[in-house]
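S.K.: Listed below are the residues making up each chain.
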Amino acid sequence: NAGVTQTPKFRILKIGQSMTLQCAQDMNHNYMYWYRQDPGMGLKLIYYSVGAGITDKGEVPNGYNVSRSTTEDFPLRLELAAPSQTSVYFCASTSNPGTGGSTNEKLFFGSGTQLSVL
Amino acid sequence: AQSVTQLDSQVPVFEEAPVELRCNYSSSVSVYLFWYVQYPNQGLQLLLKYLSGSTLVKGINGFEAEFNKSQTSFHLRKPSVHISDTAEYFCAVSLNTGGFKTIFGAGTRLFVKA
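Chains as they are written, first to last, in the numbering used here: chain A, 1 to 118; chain B, 1 to 114.
Because the hints were derived from the structure by calculation, they are not lab data. Treat the hints with caution; some may be incorrect.
[Unchecked claim] Derived DSSO-like pairs (lysine-lysine); straight-line CA-CA distance at most 30 Å:
{"no.": "1", "chain 1": "A", "residue 1": "Lys106", "chain 2": "B", "residue 2": "Lys58"}
{"no.": "2", "chain 1": "B", "residue 1": "Lys101", "chain 2": "A", "residue 2": "Lys44"}
{"no.": "3", "chain 1": "B", "residue 1": "Lys69", "chain 2": "A", "residue 2": "Lys44"}
Okay, chain A solo, but in the shape it has when bound (with noise of 0.2 Å):
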């Protein structure tokens, strides 16, 4: 199994270009999260959905956008890049939270992706 797959794993933006951070589950999993990480910060939750066309905001949604059209897939979206979303992004999914099965609850993530904004 693939997992989660995210692409690309490094990326240069200038600012205000835009691009798409894409991420894909293969294990048909309803839940999904984009988190950024920034050093002595941990993870800090951007966006999330609970399935197919459900999308929330999370702790830091400004500057982003996220769309939700199949289960398998949930890309993020920068529409003009700023020196403040200089991060490491990372993807996640789980399945089923709240019911405690053994592999329930638990986020799948992806590798990240490095993006620098200059």
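Starting from the known structure of chain A, fit chain B onto it as the hints suggest.
M.R.: Then chain B, alone, in the frame of chain A:
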């Protein structure tokens, strides 16, 4: 609002020594508790989780954690660490409020010295 505080940003320790990584949380509702590990240039992997039942939870790689409801803590321990345990460790809480959001602490960097 829920929050997670990891009390140590860095923990240096000698190989084969015991280690404890501290985590406190605050929440007005019941939560699920997790420890994740991140090795260099990788995503996070689950070490262990507490959902209910026994307050002592055993995870992979010889780690264990104890849930203390009165102190709202979930400290991670290992009796004897190895060089390969050098990594960043994240404590996290999840609550099912219609979106099952997982909130992470800032992380503790464990550095195991020979």
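S.K.: Are the hints correct? Go through all of them and say.
M.R.: Quick rundown of the hints versus the structure:
no., hint, in the structure
1, A:Lys106 to B:Lys58, "holds, 15 Å"
2, B:Lys101 to A:Lys44, "holds, 11 Å"
3, B:Lys69 to A:Lys44, "holds, 25 Å"
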